[in-house]
Amino acid sequence: MPNMETALKEAMSVEGALGVAIVDYSSGLALGTLGATKELDLNVAAAGNTDVVRAKMRTMEMLNLHNETIEDILITLTNQYHIIRPLTRHSSKGIFFYLALDRHRANLAMARHRMKQIEEHLEV
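Here the sequence shown stands for residues 259 to 382, where the numbers follow the numbering used here.
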């Protein structure tokens with residue numbers, strides 16, 4: 259099972275990756291980050307995307323979607339994709355995987371597939 263550092267490195271190997279974080283969405287704190295730039299502050303992204311995850315979970319609860327789980331949340335910007343993937347393993351509840359991609363270099367389908375593979379083996 260890959261540890262957090264290995265998972266972050268594997269995610270950064272995805273074509274077009276700009277930055278990656280593993281985030282505790284109960285606190286909004288990044289547990290680990292890799293690839294931050296002055297244009298992409300991963301700690302700010304972690305805190306802000308925590309609000310996105312919480313809002314979606316509240317909405318699902320209000321809609322009585324109790325048998326559904328979020329596979330991922332995609333935010334499409336002019337020049338970037340942001341993928342948020344809540345971890346589903348019981349030991350990883352309350353944590354999400356965040357990957358920012360250069361939209362012009364990334365293959366979105368492959369990035370989503372790779373995140374799923376990494377997440378399936380990640381121990382947090």
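What the hints contain is simulated information worked out from the structure, not anything from laboratory work.
There may be inaccurate statements among the hints.
Unchecked claim - Okay, the calculated beta carbon distance ranges per label pair:
hint, residue 1, residue 2, range
1, T336, H379, 29 to 39 Å
2, E319, N365, 16 to 26 Å
3, R347, N301, 23 to 33 Å
4, E326, E378, 14 to 24 Å
For each residue, glycine too, the CB sits at the ideal point set by N, CA and C.
Of the hints stated earlier, which fail here?
Going through the list in order, the structure violates hint 2 alone and respects the others.
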